[in-house]
Amino acid sequence: MQEEITLYDEIMILKITADMDHHYADELKDRVDLTIKSRRIRYLIMDFEGLRFMDSAGIGFIIGRYKLLSKYDGEIYAVNIGNSLDRIFKISGIYRIIRQGISVKAAMKDIKEGVQLT
Amino acid sequence: MNNHFYMEFDAISENEAFARLCVAAFVMPLDPTLEELGDIKTAVSEAVTNCIIHGYDKKGGTVKLTCDLDERMLTVMVEDEGLGIEDINKAMEPAYTSKPQEERSGMGFTFMEIFMDELVVNSLPGHGTTVVMRKTIE
Chain A
1 MQEEITLYDE
11 IMILKITADM
21 DHHYADELKD
31 RVDLTIKSRR
41 IRYLIMDFEG
51 LRFMDSAGIG
61 FIIGRYKLLS
71 KYDGEIYAVN
81 IGNSLDRIFK
91 ISGIYRIIRQ
101 GISVKAAMKD
111 IKEGVQLT
Chain B
119 MNNHFYMEFD
129 AISENEAFAR
139 LCVAAFVMPL
149 DPTLEELGDI
159 KTAVSEAVTN
169 CIIHGYDKKG
179 GTVKLTCDLD
189 ERMLTVMVED
199 EGLGIEDINK
209 AMEPAYTSKP
219 QEERSGMGFT
229 FMEIFMDELV
239 VNSLPGHGTT
249 VVMRKTIE
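Protein chains in written order, with the numbering used here: chain A, 1 to 118; chain B, 119 to 256.
Everything labelled a hint here was simulated from the structure, so no lab data went into it.
Please note: incorrect hints may appear among the correct ones.
[Said to hold, decoys possible] FRET-style restraints, in silico, Cβ to Cβ:
| no. | chain 1 | residue 1 | chain 2 | residue 2 | range |
| --- | --- | --- | --- | --- | --- |
| 1 | A | LEU34 | B | ILE130 | 21 to 31 Å |
| 2 | A | THR35 | B | ASN121 | 38 to 48 Å |
| 3 | B | GLY244 | A | ILE5 | 35 to 45 Å |
| 4 | B | ILE130 | A | THR6 | 26 to 36 Å |
| 5 | A | ALA106 | B | ASP186 | 39 to 49 Å |
| 6 | A | ASN83 | B | ASN121 | 44 to 54 Å |
| 7 | B | PRO218 | A | ARG99 | 45 to 55 Å |
| 8 | A | SER103 | B | GLU204 | 18 to 28 Å |
[Stated by the list, open to error] If the Cβ cut is set under 10 Å, some of the chain B residues that face chain A in the computed set are:
| no. | residue |
| --- | --- |
| 9 | THR167 |
| 10 | GLY202 |
| 11 | GLU204 |
| 12 | ASP205 |
| 13 | ASN207 |
| 14 | LYS208 |
| 15 | ALA209 |
| 16 | GLU211 |
| 17 | ALA213 |
| 18 | PHE229 |
[Claimed, not checked] Residues of chain B clear of chain A, computed beta-carbon distances all greater than 10 Å:
| no. | residue |
| --- | --- |
| 19 | SER163 |
| 20 | SER241 |
| 21 | GLY244 |
Backbone N, C-alpha and C fix where the C-beta goes; we use that ideal spot for every residue, glycine too.
With the rest of the complex left out, here is chain A (with noise of 0.2 Å):
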């Protein structure tokens, strides 16, 4: 495993330091999901800051866990974003469904008192 998940109440933290290609993300995606269905997860907090690499398979693996996460009115926040993963993003314009954040921390606190007001 070259990730490490942190969980917070309805958060989850995904750091990914791995290439994100189709072989990872297919093996990845099983224990994401495993772990949002068992512990009640609504946001995912993807952390690119240690991530050397990724292909289309790692756009597709955003969107199956935005459709996923959808159903608990959930939504993902992805942080450390770099120069080409923001070219990768918007090239694929995942920008429309994923929430954009500075570091772990803000978007931590952005759900928190997000989850207050509702």
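Start from chain A and add chain B according to the hints.
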């Protein structure tokens, strides 16, 4: 510099990283920028992944990878002898995927097109697909 390599490997997902790292190593003497290197790696990864998922429908086979360097122009050819593509234009539409149930993004060909200077796709249903990509390393 002129250079050439050819290799064959099994159509398994472990080889996606292997293939893109081989091509990255091949162009290293040209001292590409990090962005150029990232572009090439992404495009190769997309083409090879397509062979594994679509060409051979994850049932395995052989992927052929040929790279040529003509001065600063890199040509990458990725071939499979798999199922082939019925409608190439449709396959190349952004966000189109023939496997929506498998949460594919449908961005593979789009990334190849954008990250490389030139992309040519040839396919014959039942016989396989060949992708040729070119990029000049500035």
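A quick look at each hint next to the structure:
1. A:LEU34 with B:ILE130: 21 to 31 Å: Holds, at about 24 Å.
2. A:THR35 with B:ASN121: 38 to 48 Å: holds, 46 Å
3. B:GLY244 with A:ILE5: 35 to 45 Å: holds, 43 Å
4. B:ILE130 with A:THR6: 26 to 36 Å: holds, 31 Å
5. A:ALA106 with B:ASP186: 39 to 49 Å: holds, 47 Å
6. A:ASN83 with B:ASN121: 44 to 54 Å: violated, 29 Å
7. B:PRO218 with A:ARG99: 45 to 55 Å: Given a distance of about 24 Å, which is not inside 45 to 55 Å, the answer is violated.
8. A:SER103 with B:GLU204: 18 to 28 Å: Given about 46 Å between the Cβ atoms, the range is violated.
9. THR167: holds, 5 Å
10. GLY202: violated, 20 Å
11. GLU204: violated, 21 Å
12. ASP205: violated, 19 Å
13. ASN207: The hint is violated - ASN207 of chain B has no Cβ within 10 Å of chain A, the shortest such distance being about 19 Å.
14. LYS208: violated, 17 Å
15. ALA209: It is violated, given that the least Cβ distance between ALA209 of chain B and chain A is near 13 Å, above 10 Å.
16. GLU211: This interface hint is violated because 13 Å lies over the 10 Å limit.
17. ALA213: OK, holds: ALA213 of chain B within 10 Å of chain A, min 8 Å.
18. PHE229: With a minimum Cβ separation of about 5 Å from chain A (threshold 10 Å), the hint on PHE229 of chain B holds.
19. SER163: Violated, because the least Cβ-Cβ distance between SER163 of chain B and chain A comes to about 4 Å, which does not exceed 10 Å.
20. SER241: The assertion about SER241 of chain B holds, with a minimum of 19 Å to chain A.
21. GLY244: holds, 24 Å
Hint compliance for this structure: hints 6, 7, 8, 10, 11, 12, 13, 14, 15, 16, 19 are broken, all remaining hints hold.
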